[in-house]
Structure formats: C-alpha cells, structure tokens
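Listed below, chain by chain, are the residues.
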Amino acid sequence: MHAETLTRNEAIPLDVPALAMRGIGKRFPGVVALDGVDLTLMPGKVHALMGENGAGKSTLIKILAGVYGKDSGTIAIGGVETELKTPRDALKKGIKVVFQEIALISEFTVAENIFLEEYPRRADGSIAWKTIRAEAKALFDRIGFAVDPAARTGDLPVSQQQMVEIARALAHEAKIVVMDEPTSSLTPKEVELLFVVIRRLTALGIAVVYVSHKLDEVFEISDTVTVLRDGRHISTKPIGEHTHDSLIHDMIGRRIENLFPRSRTGSAGKVALSVEGLSTDTKLKDVSFEARAGEVLGFFGLMGAGRTELAKAIVGYDPIRTGRITIDGTALKPHDTRTAVSLGIGLLTEDRKLEGLMLELPVQQNMSLAALSSFAKAGFVDEGSERSAVQSFVDRFRVKTPSLFQPIKNLSGGNQQKVLLARWLMRGLKVIVVDEPTRGIDVGAKSEIFALIDRLAGEGLAVIMMTSEMPELLGLSDRIAVMAEGRLTATFSREEATQERILNAAIA
Amino acid sequence: MPQSPSLSASGSASPGLARILFRRSEIGLVVALLAVILFFALASDTFLTVRNLTNVLGQASLAMIAGVGVAIVFISGEVDVSVGSLVAAVAIPLITVMNATESLALGIAAALALGLCVGIVNGFLAAYLGINSLITTLGTLFILRGGVYLYTGQKAIPDDVMLESFFQLGNGRLFEVVPYPALIAFALLLVFAYVMRHRTFGRKVYAVGGNPEVARLAGYDVKRVKFTCFIISSLLATVSGILLASRLGSAVHVAGLGFEFQVVAAVVLGGVSLSGGVGSLFGAALGVLILSFLSNGLGMLDLATEWQLVITGFIIIAAVGFDEWKRRQP
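Protein chains in written order, with this note's numbering: chain C, 1 to 508; chain G, 1001 to 1330.
To be clear, the hints were calculated from the coordinates, so they are not data collected in a lab.
No residue lacks a Cβ here, since even glycine has one placed at the ideal position from N, Cα and C.
Keep in mind that the hints are not guaranteed to be accurate.
[Unchecked claim] To give a feel for the contact side, a few chain C residues facing chain G, derived at Cβ under 8 Å:
1) Glu-83
2) Pro-87
3) Ala-103
4) Leu-104
5) Ile-105
6) Leu-116
7) Glu-117
8) Tyr-119
9) Ser-126
10) Ile-127
11) Lys-377
Kindly generate the complete structure, drawing on both the sequences and the hints.
Next up, the structure:
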C-alpha cells in the first residue's frame, strides 16, 4: 500500500481481464435496473461506460463498489470468481469508485483522508503521522499533484478533492478505478489535468472505468466503449469503430411509445414569463427565453447542464448575478420567493422529500400551504373552506388517499406529486416550473402526471418542464430548449425536434 | 465549485499564521482563559493566590473528567446528558459496598460496574436502536435520578467506614498543593487526547461524527464506534461521581443536579461541535477551566449566584455564536 509500489505492478498480467462481469442482473421493486449486463475490463485500458439517464450505469458501478448486491450473474477479478459484499470488501479486492459525491471527511487533512481505510501505524500501535504525511507527499509527486498534504480537505476545490480520491485509490493498490461523471464540475483546464492523471494510472497497469455523457471526452480518453440502455447491454466496441452518430444511435435506439395524451388544440397565448440574459454565480451563463400561456416549454440537458439551477433562479430561490426575469409584465426581484409566489410562479422541485413535502403532515396541510392566506380571516384559518378546496383538488386530480388527514409520507410518489401540483394551482398560478416531474414515479402514475401537465397548459398556464427523460420531453413539449454547461444551446419547435438533434445540442 | 484553475494551485492550501490562529480555536481559548484570570487578578486581591487557583482546579476537575467523555460523544455526532444523574447514582454502590466490605477497591469496582451498565444501555439504545441520543440520555438522566431518590428515600447514605484512602482521593493534595482530582483529570485528559489523535479508534470517532457515510464506506463500524463512545462517557462520569462522593463524604441524592448542563456548556464553549466531527479534548478542558474560573471570580466579586448564571449564559451564547460566524466566513 505504500508509495514505492507506484511503478507498474509486474504481477498484473496484461492479457487477463482485470474484471469480468457476466450476466449481471438487478431488480428494484417495480423496476428491472439491470438485465444480463456484461462488462470486461483490461488492465491498463480506459473503458467508457455510456448510456442515457436511467440506463443502468449507476446501478452497475454501485454493484462494482459493493454498495448494492447483484441478483444474478458472476464477477471475476483477475480471472478469479468473487463476490463483492460490502464497500470495504470491494476496496480490499482492488476496486476504487470515485463517486460524484466526494467521499472524504472535510475536517481531516488531505494526507489523513488518503489513509482513512488503513492508517500506517508504529510498532506501539499509534498512528504514524510522519509516515502518512511523507507517503502522501510521495504519492502526490508521482501523479504530479502539487497540493499540501497538510491542507484541510474541505478547503480544497472539488477538482482537487477528486484528485485526493484518486490518490487514495493508489495508496490502496487499486487495480480498478471507476470514475463516475468525473468532469461534471471541472473546468476544461482541470479536465486536461484529469486526463493526464488517468493516463498515468493506465501506465501503471490500472483498469479505468470512465462513466460519462460527454462524447468528446469519451473519444479522447477511452480505448473501449460499452453502451447500456434500459438496463441492457447494447454494445461493446473499440472506440475506433465508433463515430459520434453511431454512439448516439446506440444510446437512444428505442421508439417512444405514446404515453402522452395530448388534449390541447389551441395555440399559445401571450408571453407569461420572459427571461433575459440570466447569469448566476453557480452555473448559468446568459440564458434568455420566453414562455407563453398555454404552452409546455421543455428544457433538456444532461446531468450538470444547469436545468435545476435555472428552475431555482427563475422562481427566485437562488440569487442571480445579471439578467432580468419578468412575469406577466412585472419584473421579479432576484432572490425573492415571496414576490415570485404572489406574481404567480411556482416550482415543483426535483427533490420532493427535501424541498417539497412536509412528510409527517397530512395531505390537507401539504396541499393548502401556499394558499393558506386565502382561507384566513383575521389570522384564523377557516378550516371548512380549506377542506372543501383541498377536497375538490383531490377529486379533480384523482389523488389516491384514504383521507385528507393521511400523513403524506404514506402516499405513493405519483400521488405526492399531484398534491404538490395542487398546492400551486390553488394559489392561481400563471407559470409553473416542474423539475423532473416523474422522478421516482412508476409508469402508471407517470401517464397521469403527463395528463395533468397537459391539462394545466390547456387551462392557460405556461408550463416549464425540466427533464432529462427524452420520451417525456418529446411527448409533452410544444417547444424544446436544450442546455449544456449552463448555456442555452438550441431551441426547437415540436416539429423540428428529434432525439439526435437534441442530444447533439446537449453534448455540444 | 472549483475556484482554482489548476490542480497544482497549492496557494489555497498553504496555511498562513492568521489562518492557523483562526482555525486552531484552542489558541483563542487559551487567550480567553488568560484574559479571565487577568481580569479577576486585577479586580480581586484574593483571586490570584495559590490556594484559590488550586481550589478552582480541584473543583473544575470533576467537570473536566466528565467533560472529556461528553466531548468524545459529541465528536462522534451524538449527545450524552445522562452524566448529571450518573455522578449521583454511582455513589450508591460505592458507599454501600465500602460500608459492607471496608474496601475502597471493591467500592470503586461496584461504581464502575454501574457506570458501565449505564453506558451500555445508552449506547445500545442510541447507537444500535437509533433512538435520538438526546432523548435517550435525557431519559436515563430522569430514570437514574428517580432511582436514586427511590433507593435513598431522599436522604444521603453516610460513609460509615471513613477510609482515609477514600477521603484522600477527593480531598488530598500532592505536596499539599495540587489536588488529587486535578491530577486525575489531567492524566485522563492526556490519555484520551492521545487516543483521539494517535490511535485509530480516536480517528474513527472523528470520521464517524464528521461524515458517517464516508466512514461506513471506509469500512468502519459506525454503530460500534458510537456505542464505545457512550461507554467511555459513562465510565468517565463514574470517575467524577467517585471523586464527588469522596468530597461529600456520602452518597448524596441531590448531588450533581444540573451538572450535565454545566458540562455540556463547557464542552460547547470549548469548540466541540454538537453536530459532530469537530473539536478537541483540550478545547473542552479549556472550556471547563474558563467557566470554573469565571464562576469563582464572579463569586469573589460578591456577585450573587443569580447574576453568575445570567453572565455565564450570555458568555456561552456569545462564544458559540462567534464560533458559528467564524465558520461561515469563506
């Protein structure tokens, strides 16, 4: 586990797969996440793993990391069949996964984090701090990473924390390093440096799995590409046999079923929301668009493109640096959700549990939250009119709940989503922003949510829908805006939009 | 978000002197302690005498011993407020067994056995069953106090055998100067500070409190680490309880009322975060010393106890508020 082993490990034969996964299957309640997936990694090679959101990439690497157990299939490491029972187990067998969520203790020094799994110790059993610092330094020198091992980890930018994780893999003699969307928060310059490090890893005989959406990166760094789609293995080819188009084709490849009832006939009305030159400190760069009453404007983007950031900025949750947001002719002050709500814009958040629901409270309180003042007389809520308003929405939206007093945590995801939609409609909205409206919702409930969104637009609302699901984007939207790295890269009408065009704009 | 364009930017990582002072809250605490001592030394003639200073040390040592344990539980991301009743409860087996056997060692063993049991119960409920540790230990705080009242019938149990060794434990002084409890507190502080810094167990406690998920992925048994912390805390509170019983010369049913809050206040003042993963035992010990000297000094200025409480309250809020503000600075 020490730094001097950093030359290529001669014990690793280059012709035996570092890892061979065969027929891996994994089900979750109601979903088949993986169905007979194969993955073979060769030492010293970079293997890209691609697929749309929900294709099964995350599940596969979590199995590799020992986070999930597999339901079927076999895993062999260096030709020997094995089981990966726990994260610790996977690590001991030489597999290190660098997740997007950095797994470091931010209060600890960089050096200490490197040796977290196994502290070098002195003869008396106490921790050998000097060895830790010296070895961390030696390790960093080898991979050309000039950070102070004594720095507090939380003080480093994400890119450097990622390097610390990779260094940690080396300290534990990892034979397989998996990187999950490693460039999603890196600048182009940092990406170049990451690639330098990846090439050093492969020179040491380490097999690298590179999970990414970004075609250019995949063409630059990988030797082989495996594409997954809907939990199935689609293709594994040397990168040289792929073109941009063939890769995109492998990733999409499916027909879109008509899940999407479309009742609207009328054309869009006047401009309900206008955004001009919106930039934020976090992500967005010069975004401008308009949304009209009675239309569904879909926003597509891959992970990290800035959809959620845009959603939060236009409803006033997050501060904006420059730009102008106008709702129905009135300018919205940034970072002012109160005004936003009174002007008639509401957000259905991506994370229902964290930002939308009060889980322990009943359906009634959850639904009437935003409209509470309209039921109040002299500060007292008139429960009778509150209840009848809530009941009417429950009936209209066909919310399945035993009673209005049922704690909302007991409802299904689809019904929770309906309650949240009703919360905003009760206010009398002009614009509603929905962020990933069907995340974690089963297929049956999905079509009901789609019907609701369709109806809202039919009733004259401007609906802005952020989604990473291609079928739902194409099925529901009247117009489609595509984002990449915080910018708006293209806008298509319903007629112009094709999967290829959208994905090309998203990958730009 | 990355601010630094280069992976080799070590600028953001090199700690300047000001940064060290800012981060190392122990230094701020030492300055605060010296300031308290200086203030009262100037304000009162009797404060800065060897007798008074060693007296304060002796009194502070009970809170310091329990405080080390409570700080360890805090660092692991949990809370332990049961120590206030535990110091009273352990005196019962201690005195009863000594009365029956005339043996200090057996008495101490009986007290430690009770402390161990309480630690196991707290740790099992909070770490393994996942019941909120504030509630769990608040519960055991009530149960133990109620048990003490029931067992003693609201009276003190006197020490009938009056062993000299038992008396010396809490009241004796090394070379007639340094109180034994202060020596014991200091020794325990050093041992546990060493464990927290130089043994893997200590680092596990910090990791578990700092980010349990990361600790789990690194292969640590998060529950067992927390469980062990509760046991350490209860055993250390037992030591405080034994010393207190020696000072009081009996098992007193109302001993240690409010002691838990005194300890928690000092530990938090010492920079140990309630949310876990942050703080040091030296910081906690300094927090105890600051509050002890403060209350002693205010007493010497003839300030009523009521006002001492009010002032202490303000100081704790101000200190922790300042700490929070500091933490939020970029």
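Now the hints, each set against the structure:
1. The interface hint given for Glu-83(C) is violated, since its Cβ lies 16 Å from the closest Cβ of chain G, which is over the 8 Å cut-off.
2. Because the closest C-beta pair between Pro-87(C) and chain G is about 5 Å apart, less than 8 Å, the hint holds.
3. Against a cut-off of 8 Å between C-beta atoms, the interface hint on Ala-103(C) holds, since the closest Cβ of chain G lies about 5 Å away.
4. Taking 8 Å as the C-beta contact cut-off toward chain G, the hint placing Leu-104(C) at the interface holds, the least distance being around 6 Å.
5. Interface hint at Ile-105(C): satisfied, since its Cβ lies 4 Å from the closest Cβ of chain G, which is below the 8 Å cut-off.
6. For Leu-116(C), the interface hint holds, the least distance from its beta-carbon to any beta-carbon of chain G being 5 Å, beneath 8 Å.
7. Taking 8 Å as the C-beta cut-off, the interface hint given for Glu-117(C) holds, the closest approach to chain G being about 5 Å.
8. For Tyr-119(C), the shortest C-beta to C-beta distance to chain G is roughly 5 Å, which falls under 8 Å, so the interface hint holds.
9. The closest approach between the C-beta of Ser-126(C) and any C-beta of chain G is roughly 4 Å, which is under the 8 Å cut-off, so the hint is satisfied.
10. Annotation: interface hint on Ile-127(C) holds; nearest CB of chain G at approximately 5 Å, less than 8 Å.
11. Below 8 Å, beta-carbon pairs count as interface contacts, and Lys-377(C) has none with chain G, the closest being about 39 Å; its hint is therefore violated.
In summary, the numbered hints that this structure violates are 1, 11.
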